[in-house]
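Engineer: Residue numbers (the UniProt record's numbering), protein chains in the order written: chain C, 1 to 354; chain S, 1 to 158.
Source of the hints: derived by calculation from the structure; they are not laboratory data.
Please note that a few of the clues may not be correct.
To be verified - Label pairs and their calculated CB-CB ranges:
#, chain 1, residue 1, chain 2, residue 2, range
1, S, L15, C, E193, 31 to 41 Å
2, S, T16, C, L336, 23 to 33 Å
3, S, M46, C, F295, 39 to 49 Å
4, S, K45, C, L291, 49 to 59 Å
5, C, V303, S, Y8, 57 to 67 Å
6, S, T16, C, A33, 37 to 47 Å
Unchecked claim - Example chain C residues on the side facing chain S (calculated, C-beta under 7 Å, incomplete):
#, residue
7, W57
8, F58
9, R61
10, L62
11, W313
12, T314
Glycine is no exception: its CB is placed at the ideal position from the N, C-alpha and C atoms.
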Amino acid sequence: MYIAMNITKNIHEWLLAILPETAASIVEMTLIALVYLAFFAIAGLFLVLLERKVAAWFQLRLGPNRVGFHGLMQTIADALKLVSKELTVTIKADKFLYNLAPYFVIVTALMALSLFPFSKELQAFDINIGIFFLIAISSIGVIGILLAGWSSNNKFAMIGAMRSGVQTISYELSVGLSLMTMVLMTGSLQLSEIVEVQKHGWLIVQGHIPAIIAFMIYMIAGTAETNRAPFDLVEAESELGAGFHTEYSGMKFAYFFLAEFINMFIISAIATTVFFGGYLSPFGITESIPLLGVFWFLAKTLVLIFLMMWFRWTFPRLRIDQLLVLEWKYLLPLNLMNLVLMALIVLLKLTIKF
Amino acid sequence: MSYFSDIYHAIGSLLTGMSVTGKYFLHARKGAITQEYPDNRATLKMFDRFRGEVVMPHDENNQHRCTGCQKCELACPNGSIEIIWDRQIDPETGKKKKLIDQHIYHLGMCTMCGLCIEACPTDAIKWAQNFENSVYDRTYLTRVLNKPGSRVVSGLED
Numbered sequence: 001m002y003i004a005m006n007i008t009k010n011i012h013e014w015l016l017a018i019l020p021e022t023a024a025s026i027v028e029m030t031l032i033a034l035v036y037l038a039f040f041a042i043a044g045l046f047l048v049l050l051e052r053k054v055a056a057w058f059q060l061r062l063g064p065n066r067v068g069f070h071g072l073m074q075t076i077a078d079a080l081k082l083v084s085k086e087l088t089v090t091i092k093a094d095k096f097l098y099n100l101a102p103y104f105v106i107v108t109a110l111m112a113l114s115l116f117p118f119s120k121e122l123q124a125f126d127i128n129i130g131i132f133f134l135i136a137i138s139s140i141g142v143i144g145i146l147l148a149g150w151s152s153n154n155k156f157a158m159i160g161a162m163r164s165g166v167q168t169i170s171y172e173l174s175v176g177l178s179l180m181t182m183v184l185m186t187g188s189l190q191l192s193e194i195v196e197v198q199k200h201g202w203l204i205v206q207g208h209i210p211a212i213i214a215f216m217i218y219m220i221a222g223t224a225e226t227n228r229a230p231f232d233l234v235e236a237e238s239e240l241g242a243g244f245h246t247e248y249s250g251m252k253f254a255y256f257f258l259a260e261f262i263n264m265f266i267i268s269a270i271a272t273t274v275f276f277g278g279y280l281s282p283f284g285i286t287e288s289i290p291l292l293g294v295f296w297f298l299a300k301t302l303v304l305i306f307l308m309m310w311f312r313w314t315f316p317r318l319r320i321d322q323l324l325v326l327e328w329k330y331l332l333p334l335n336l337m338n339l340v341l342m343a344l345i346v347l348l349k350l351t352i353k354f
Numbered sequence: 001m002s003y004f005s006d007i008y009h010a011i012g013s014l015l016t017g018m019s020v021t022g023k024y025f026l027h028a029r030k031g032a033i034t035q036e037y038p039d040n041r042a043t044l045k046m047f048d049r050f051r052g053e054v055v056m057p058h059d060e061n062n063q064h065r066c067t068g069c070q071k072c073e074l075a076c077p078n079g080s081i082e083i084i085w086d087r088q089i090d091p092e093t094g095k096k097k098k099l100i101d102q103h104i105y106h107l108g109m110c111t112m113c114g115l116c117i118e119a120c121p122t123d124a125i126k127w128a129q130n131f132e133n134s135v136y137d138r139t140y141l142t143r144v145l146n147k148p149g150s151r152v153v154s155g156l157e158d
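Please put together the full structure from these sequences, using the hints given.
Structural biologist: Set out below in structure tokens:
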């Protein structure tokens with residue numbers, strides 16, 4: 001990332017030359033935020049396209065193939081259509097909360113993105129409580145969903161939002177505990193340090209059995225966190241119409257939609273960073289070229305995203321009682337046992353290191 | 001200890017499901033069922049069981065196999081088939097015989113149930129595989145199935 005670093009350094013010096021220090025840093029933050037915003041809006045659009053294509057292939061269909069080369073422009077066209085649509089509001093909706101809800105969802109999704117180390121030097125915000133911050137931020141997103149359901153004044157939206165509340169609060173626990181299991185090995189919550197530890201083998205290899213169990217639990221709970229099938233009770237089409245975003249139209253609907261896909265990216269990116277060595281290449285084959293870190297990070301994340309899509313198009317939706325049984329009777333006790341097991345393995349130095 | 005065996009079996013069944021869909025995913029390019037219809041209009045061939053409309057096949061001598069027994073007319077639940085018939089002298093035997101004048105089929109009323117085709121004792125009518133049945137005027141939907149000047153194949157009743 002030397003080239004990019006040089007560019008940012010040049011911009012930094014140029015801004016310092018023409019502005020006072022505080023103003024310069026504010027301008028820099030805004031610039032970085034804009035870059036992230038633009039990049040992930042487009043990334044989200046292409047994730048939607050990927051989802052539709054993958055879904056089609058799983059169901060032996062062709063998928064979108066009309067707009068652009070093999071349908072590559074399909075979601076851009078959809079987004080343009082959504083921008084041009086009217087924003088409707090139901091007459092008895094709580095207008096303030098109704099308008100606020102989509103921003104809660106999208107802002108929390110974008111805030112979480114700033115933490116990931118895409119490469120050794122490409123990280124917007126290297127905070128020392130990284131994982132903790134991620135978990136905290138990702139549970140704020142549910143407030144947006146609850147607000148959307150509550151303020152729409154629609155019973156289906158309300159039921160959907162309440163289900164989302166139950167689901168996210170339950171599965172938050174499993175996500176946190178399975179990440180905690182890995183933190184036992186790294187000894188740090190800071191994402192850049194977690195990646196550095198994995199220079200001696202990815203954590204899923206270092207921690208062998210408990211790490212694999214933790215990864216499975218994390219993927220199940222992470223899928224539930226993003227409200228995707230088989231845990232999509234929130235927007236169960238056959239039961240609730242469109243769930244919490246029934247009453248939303250146009251760009252506000254698009255925010256919810258985009259946030260769902262960015263959340264999927266976030267869950268996969270956390271798994272990449274914590275279990276699969278983040279930007280590190282397998283066996284250090286491209287260690288001399290730090291720029292390729294971005295490639296490895298995105299490649300690993302895409303594989304995990306594909307895994308989540310595979311779940312979605314394979315498994316049937318759970319009932320609400322099955323959902324809670326899975327969390328409280330299976331995932332949580334297993335997770336606690338796994339945590340103890342990992343603690344023993346770290347204590348007895350049974351981890352595998354190259 | 002059914003708790004742990006439950007978990008084991010659950011993971012096993014999840015993996016079985018994923019392997020099934022995974023196979024579909026890998027074969028999606030070759031096995032796609034979707035037809036890109038208006039583009040492949042010339043080459044698109046419907047499968048054998050498709051029910052497009054009822055037709056009466058004629059052979060090269062302009063002869064069909066309908067004896068005018070009216071079993072199809074009786075079998076049709078909503079009156080889509082009307083047969084106009086007549087007793088005429090059969091030129092081969094010189095005897096009087098029931099011959100059809102017009103076998104009228106109302107495609108607009110047909111529900112494609114296929115009871116007429118099952119009822120036909122001489123296999124005179126069958127399903128066609130054409131799928132573009134829309135017309136601009138509903139009078140086009142009333143069709144005379146036997147071609148003008150056609151006659152029945154001789155010796156069918158024997």
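Engineer: Each of the hints needs a verdict: does it hold here or not?
Structural biologist: Quick rundown of the hints versus the structure:
1. S:L15 / C:E193: 31 to 41 Å: 34 Å Cβ-Cβ, so the 31 to 41 Å window holds.
2. S:T16 / C:L336: 23 to 33 Å: holds (28 Å)
3. S:M46 / C:F295: 39 to 49 Å: holds (47 Å)
4. S:K45 / C:L291: 49 to 59 Å: holds (53 Å)
5. C:V303 / S:Y8: 57 to 67 Å: violated (26 Å)
6. S:T16 / C:A33: 37 to 47 Å: Since T16 of chain S and A33 of chain C have Cβ atoms about 46 Å apart, the given range 37 to 47 Å holds.
7. W57: Holds, about 4 Å.
8. F58: It holds, given that the least Cβ distance between F58 of chain C and chain S is near 5 Å, below 7 Å.
9. R61: holds (5 Å)
10. L62: holds (5 Å)
11. W313: holds (6 Å)
12. T314: holds (4 Å)
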